[in-house]
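There are 4 protein chains.
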Amino acid sequence: MKKSPNKKMWSGRFTQETHRRVETFTASLPFDRRLYAQDIVGSIAWTRALFQAKVLTKEEADQITEGLKTVKKTIEDGRASFSEQDEDIHMAVERLLTEKIGELGGKLHTGRSRNDQVALDLRLYLRDEMKHIIEAIKDLQAVFVAKAKSHIDVILPGYTHLQKAQPIRYAHYLLAYYEMLDRDRQRFLDGFQRVNVMPLGSGALAGTNYPIDREALAEALGFPSVTQNSLDAVSDRDGAIEFLAAASTLMMHLSRFCEELVLWSTDEFGFLELPDAFCTGSSLMPQKKNPDVPELIRAKTGRVYGHLMALLTVMKGLPLAYNRDLQEDKEAVFDSVDTVKASLSILTEMIQGMTVRRKAAARAAENGFLLATEVADYLVEKGLPFRQAHEVVGRIVRYCLDQQRDLTQVSLKELQKFSSLFQKDIIGYLNLEASLERKQQTGATAKNRVLERIRQIEEK
Amino acid sequence: MKKSPNKKMWSGRFTQETHRRVETFTASLPFDRRLYAQDIVGSIAWTRALFQAKVLTKEEADQITEGLKTVKKTIEDGRASFSEQDEDIHMAVERLLTEKIGELGGKLHTGRSRNDQVALDLRLYLRDEMKHIIEAIKDLQAVFVAKAKSHIDVILPGYTHLQKAQPIRYAHYLLAYYEMLDRDRQRFLDGFQRVNVMPLGSGALAGTNYPIDREALAEALGFPSVTQNSLDAVSDRDGAIEFLAAASTLMMHLSRFCEELVLWSTDEFGFLELPDAFCTGSSLMPQKKNPDVPELIRAKTGRVYGHLMALLTVMKGLPLAYNRDLQEDKEAVFDSVDTVKASLSILTEMIQGMTVRRKAAARAAENGFLLATEVADYLVEKGLPFRQAHEVVGRIVRYCLDQQRDLTQVSLKELQKFSSLFQKDIIGYLNLEASLERKQQTGATAKNRVLERIRQIEEK
Amino acid sequence: MKKSPNKKMWSGRFTQETHRRVETFTASLPFDRRLYAQDIVGSIAWTRALFQAKVLTKEEADQITEGLKTVKKTIEDGRASFSEQDEDIHMAVERLLTEKIGELGGKLHTGRSRNDQVALDLRLYLRDEMKHIIEAIKDLQAVFVAKAKSHIDVILPGYTHLQKAQPIRYAHYLLAYYEMLDRDRQRFLDGFQRVNVMPLGSGALAGTNYPIDREALAEALGFPSVTQNSLDAVSDRDGAIEFLAAASTLMMHLSRFCEELVLWSTDEFGFLELPDAFCTGSSLMPQKKNPDVPELIRAKTGRVYGHLMALLTVMKGLPLAYNRDLQEDKEAVFDSVDTVKASLSILTEMIQGMTVRRKAAARAAENGFLLATEVADYLVEKGLPFRQAHEVVGRIVRYCLDQQRDLTQVSLKELQKFSSLFQKDIIGYLNLEASLERKQQTGATAKNRVLERIRQIEEK
Amino acid sequence: MKKSPNKKMWSGRFTQETHRRVETFTASLPFDRRLYAQDIVGSIAWTRALFQAKVLTKEEADQITEGLKTVKKTIEDGRASFSEQDEDIHMAVERLLTEKIGELGGKLHTGRSRNDQVALDLRLYLRDEMKHIIEAIKDLQAVFVAKAKSHIDVILPGYTHLQKAQPIRYAHYLLAYYEMLDRDRQRFLDGFQRVNVMPLGSGALAGTNYPIDREALAEALGFPSVTQNSLDAVSDRDGAIEFLAAASTLMMHLSRFCEELVLWSTDEFGFLELPDAFCTGSSLMPQKKNPDVPELIRAKTGRVYGHLMALLTVMKGLPLAYNRDLQEDKEAVFDSVDTVKASLSILTEMIQGMTVRRKAAARAAENGFLLATEVADYLVEKGLPFRQAHEVVGRIVRYCLDQQRDLTQVSLKELQKFSSLFQKDIIGYLNLEASLERKQQTGATAKNRVLERIRQIEEK
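Residue numbers (this note's numbering), protein chains in the order written: chain A, 1 to 460; chain B, 461 to 920; chain C, 921 to 1380; chain D, 1381 to 1840.
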């Protein structure tokens, strides 16, 4: 076999060069170059570990380290030449290093495999991005809280089954999303803990032949602990799956809010006005102002679900240890990171610019029998078992519907036809504010309760 | 509207009875009756809360509580009559209660909605089952550790890409699954924390009109805290999703092990023998002994993935608060609970009965060039940069393949044709045990390292 | 090994009895008993084929056939005793047969394997159910067409991005679903063709040792052709996947319609009233009438998606030929069949009972600038390039919004400030009916076009 | 509002410019520029339709057409400047056109919406790519057939449950994949028929105000028919879903074959040798030759499943007609097209270069009791009911296993201890070739049957 200038670093036992199309098909460099910084940080730490293990001399280690830093700068300056023949970012960095510092570059990979190397890179990357996402979640939470605080007196109809149910505070509604996001934040944190474990030094699958101090390596790279089984370390992609599951749940939450943004900003509901700068028009219909941003976030939920499903499928039934299948983890994770970050930050900005139409919202809360439960509870207070009170009020509602009237338009006399328990004091129950203020438990929609929750959050 | 004896408890405002087919289509009772115990425990706690809120007298509360206990017993004795007209377990229990204690039963639902009721039931259920699953994971982990301990000297070829890579200890291999399961255990624990929050008292969506002490309610039901937003509390299914995601990852791990059980027990690999009691035969081929259990666990992974995808799809874009769509959470969760528990327990038993064919395994580790990396590292110790050492050994492997010989069959003289660095001491590197014992980091396959890990685990 | 009375039919080579828990874990009888009729039909045909192949005498064949018919009747009468030890419906039928006719029953399975047997059963089942589903789709299509015909003059706002776009006919809207369902129908038909191929006689994987005439067998079972490769025949589940993909797409279509039913029947949109008999109430709020049926259909879409994903996951990477994993196909298919059939039939009934609120719908179409495109097209007719006309009308809309007026309320004089091309004839463009009637292509919303499409459909 | 030079074509009614980040978030141009050729072909046909509808003069139509052709060339030469402010390929082409031919460019979009425009582009694209994929499937099928033909006498063990089952011909095995691919080919063809329907002229949702002859438009664009409902036409993505479902099933088939390539090329099975040019090495272990191509195809199956799930999720519950969510269809489709095409073509090449190790394969077929069923069928011929014959042979297998002997090593005398029916002629049944040749049905593994199938295929 005549070796071409492009011969692979592992080509010793091969009699044919890699088929050109195979290079393209198998190359991960087009996407994993995103990991260049993590790869180089890891290699610098590995160089130091090799020096401490007496595999490299001080001079060699320094030279390699300097070389790696130069490679990093070259990449960041956009001056690095990558080619598909590099296969992946690991080989590309080693090649660039060797071009800079000569044969000595060939010592960097001593005792290391791409299997533990990429495991490290992915953990470093996930760690970084999970931190960013946690911060972005906090930013979005802060906007929900600020909006809630400044709109404490806005009343909205609350819905179940998308049918008007009971009046709620807009602030209370916004804080529901605060809570969802808080669970998301915790999930990313929990995932972070599990990803924050150092795999390097696991070798290809069995450990490495050199006296590498993995604990020192972990410390150098800012990991509180090391993986405990080399086979597991190189074949584990739990961190990516856990990330995708947390991202899917987060996107699901955002999709619910976005669904409501779309609904509330229709002509029919009309509770909200999205800022013009966050909407687009129609190429054909001049009047259109479309809620593209919430629509797209809602849709991109599917994309993240798809990535989760893709990686779960990839991992199913894979024997230990590393298999090339694992390469398919990256694009799923990268695209989900981008999607989640963009969705969070654009929502954070958009919410600040959106305005609630308080009159329309209050008007909507006033009709539609949202106070029917109050009337039932009135009867309960007068001594009727709830189940019967429910039945009585149900019949009153039926009566109103037949007459096309609202509950508040029915006279006391008429009410008394349905139950003799009705007295003048019923009037105090047919009132939006009163309804809100009677909901006085932790987590309920009464003003002081909502304000208390805001205070708790602010204190954290 | 003439009310039939089967009239619904909410039928006051309706002019038609529910269509028979609608009852069948919408009924959740056929599956949610599984929640009867949780539902009754919750109702007893609610009764007490109503008493404390002065909605019920002591006598009423006692009577309802006794009634609920009787209903529970009736169900457990199989004497309760359920019908599709009951809609769900909540309505069925209320009906059974009212049949026992009369009109007073109609007071139980005061201030409560099925929305917060089912949210409670599901959390109680998930809490129970996650505890069981965590215990079952520990049992399986214990079997892996015990097996590892008693097989510390069994050697196996380690694989990457399903090609022989480096020798490993069977114990080391088994412990890889211990580690995976440990992350699974932690994930269920984390999910448990988030599910262990009390939602009752959130009403339909806005809170309740009665002075319910939700914190006391939480304490009575063994919850350390309460949900902080009523809208969120009734529309949240994160607990179920997080459970399904953790279950999917666990099943994925089991599927990998099962794939290997299938592989290792083929005639070709032949490392393992599954117990006859865990295999089945063929209706046609008399010689067959099929690894049905691992095959089915592998396959059931798909089922749990499917449930996760189903619930994520259900939740996407749902506006707040409760929607009937949420009813679809239960079957996904129930079937996954059953699948996970059955898979864990059957594997735990099967592993105990399976035997490793140590000779076949060792033989397999001896050929196939598993020591090639040792030879490369030998050259590195003699001063050759690793990348060149790799190239030299690659060429030796090629030479062996062409001659159909193994690495250990090549003479020193021949080796020296490839590199003058080869000396007599190379012999010490062409040895399985030596290879294993040189892997001396945390998490590597050397005997003391594996034993140390077993010790650590046992100490926990 | 002492054989128990429950010994398996394949237990000759085994030294242990099947573990009780393994029987439970691996048994498919609890769900595949649904296939009893298909299984027996297939066995009767097989008996005849064995007779023709001279494996059975006339008398034997007759006796087995009679026995199988009796078994079928026994099952249908609910008198058959099934047990988990039967493993599956195939073994259960063989056991019941042998109990009826003695040792001769043991000849039935000659030359056949459960692998080709279950492949046949599943194809027979899918064939039956796909026919039913195709008929159910046609029924639903017919309701859409009938409703369209009787409501040809009802006008509705058409939406894009859930923002009012242009007026449309309600009939036109309903026919959109006719078209979607028509593609669904075709997809099931295409799938039916591919499932309608006879696999029996493929043996366990390689064919059978007896001179079976598979073409005659196919004819007897009503299949137009036979499978062409025995390995493929026993390991193929494409029919189930194709069914699940078609079912997923159908459910997606239904979910879109159901989403609109939920929306249109809100207080805010108010275009539709669902029949009381298809809605349910709230346990707490007496006024509620909830659209449970459309909500549940929308949600059950997730369930069918989940089954598709589950089976795709099961099949991924399975080596040939039969693996026990394939058993997991059935529950996914059965539950999807039930879900699809129930959803179709309940929608068919519900649509008949629902009423459109034509005034509310027309009123909604009148405001919201739905005629803005008409105005732009007016300017185009007057010679302005469309892109400029769009810009001009956009500015007019802006002007109206600022003044809180509608397009129809702007005077000609004001319009002329935006473009001198406006003349008196603009009035003819600011009219709902006119807008509808100008849409005159195939598939557009003009009355004659919609009627023409109804006519075409009726002629089919 | 001061309009910037980057003002949007639909900005008339807006008071704020689009937020920079919204432009990035919503832009589809980075991926939909792939549709430029389809977009321009569609626009040229539309120009002609506008001329025929007398909206454009001959000169205008010619000028626009020429302009569009120039734009196409500019794009293909890489000289077109795209910017995110263009939003999508449709707006980009219109802008480039207007830059070329001035204000007249603003007439192109008359009577058309991006909604029907993108529906057309996607159908044109899918039509093209499905044709390519169908051809690529045929190429792969041809390689399977050629390989089968040239290897008709190679014998392999057949497996069920990955346990040796019965001997088969390698050719028969290869043809199993021919059959799977044939169903895939048909599925793409069926999908092609449904995608091959012309949507243009549906306008934004209701049709268009100009007398466009949609049937002529269809003819010009090579479509046999037009869509029948404008609302459906702009909101339908069935074609993409059906494509993704067919692609998922195809990838599933390829994943099964690739799983076997990985298995068969292990040291342990050793039936196949993949060409060096299609494998890669290890960065650490010099001996490794890894089956990366089959591993990656197997893994990429997950990716296509994920895209299917993503689009199904996007479409679930979307109200009519167009919503921005639909934009998410494209990347899923594009990436799946690329994945499927690359997988098919690289497999086609790789199979040609792979070699079967016929001796190893035959040896593997000789032991492992693959002839046990033959022995049972021997007893059946001697008159024993099959179920008893199965039991007898099972016991013989058990006897052999205990003695570590193979079936062929048991003497007639020993056999007779198990059944007196054994005679000298049993020898004729303990023979691989004889076993193969007794499988004589359509689709079975006998030589003439396999050759006949090859002949049938070649004749097609």
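Since the hints were derived computationally from the structure, they do not count as laboratory data.
One or more hints might be untrue.
In silico DSSO-like links for lysine-lysine, alpha-carbon gap of 30 Å or less [as the list claims (entries may be wrong)]: (1) B:K468 / A:K7; (2) A:K100 / A:K72; (3) B:K607 / A:K7; (4) D:K1527 / D:K1762; (5) C:K974 / C:K1020; (6) D:K1721 / A:K7.
Computed list of chain D residues with no C-beta within reach of chain B, every gap over 12 Å [what the hints assert, rightly or not]: (7) F1411; (8) I1455; (9) K1527; (10) H1531; (11) H1541; (12) Q1566; (13) L1569; (14) S1645; (15) L1692; (16) K1696; (17) Q1796; (18) D1805.
Glycine residues also receive a C-beta, built at the ideal position from the N, C-alpha and C atoms.
Next item on the list: With a cut-off of 30 Å on the C-alpha distance, tell me whether A:K100 and A:K72 pass.
Entry: Holds. A:K100 to A:K72 sits at ~12 Å (cutoff 30 Å).
Next item on the list: Examine each Cβ of chain B, and state whether all of them lie more than 12 Å from the Cβ of D:H1531.
Entry: The assertion about D:H1531 holds, with a minimum of 21 Å to chain B.
Note to self: Check the hint pairing D:K1527 with D:K1762 against an upper bound of 30 Å on the C-alpha distance.
What the structure shows: Not OK: D:K1527 and D:K1762 at ~39 Å, beyond 30 Å, violated.
Next item on the list: Quick one: work out the minimum CB distance from D:Q1796 to chain B and report holds if it exceeds 12 Å, violated otherwise.
Entry: holds (17 Å)
Checklist line | Verdict on D:F1411 as a residue remote from chain B, using beta-carbon distances over 12 Å | finding: The claim stands: D:F1411 keeps its Cβ more than 12 Å from every Cβ of chain B (closest is about 22 Å).
Item checked: Closest CB of chain B to the CB of D:Q1566 still more than 12 Å away -> With a cut-off of 12 Å, D:Q1566 remains clear of chain B, as the shortest Cβ separation is near 25 Å.
Notebook entry, point to check: Would D:L1692 pass as off the interface with chain B, using Cβ distances and a cut of 12 Å?
Noted result: violated (8 Å)
Notebook entry, point to check: For the pair supplied as a hint, C:K974 and C:K1020, is the alpha-carbon distance within the 30 Å limit?
Noted result: holds (23 Å)
Check: Within a Cα-Cα threshold of 30 Å, do B:K468 and A:K7 meet the stated pairing?
Finding: violated (78 Å)
Next item on the list: Measure nothing beyond the straight line between the CA atoms of B:K607 and A:K7; if it is 30 Å or shorter, mark the hint as holding.
Entry: violated (45 Å)
Checklist line | Interface exclusion of D:D1805 relative to chain B, criterion Cβ beyond 12 Å | finding: holds (19 Å)
Margin query: Would the non-interface assignment of D:S1645 survive a Cβ cutoff of 12 Å against chain B?
Written below: Given that some Cβ of chain B is not farther than 12 Å from that of D:S1645, nearest at about 8 Å, it is violated.
The structure fails hints 1, 3, 4, 11, 14, 15 and 16 (numbered hints given earlier, in ascending order).
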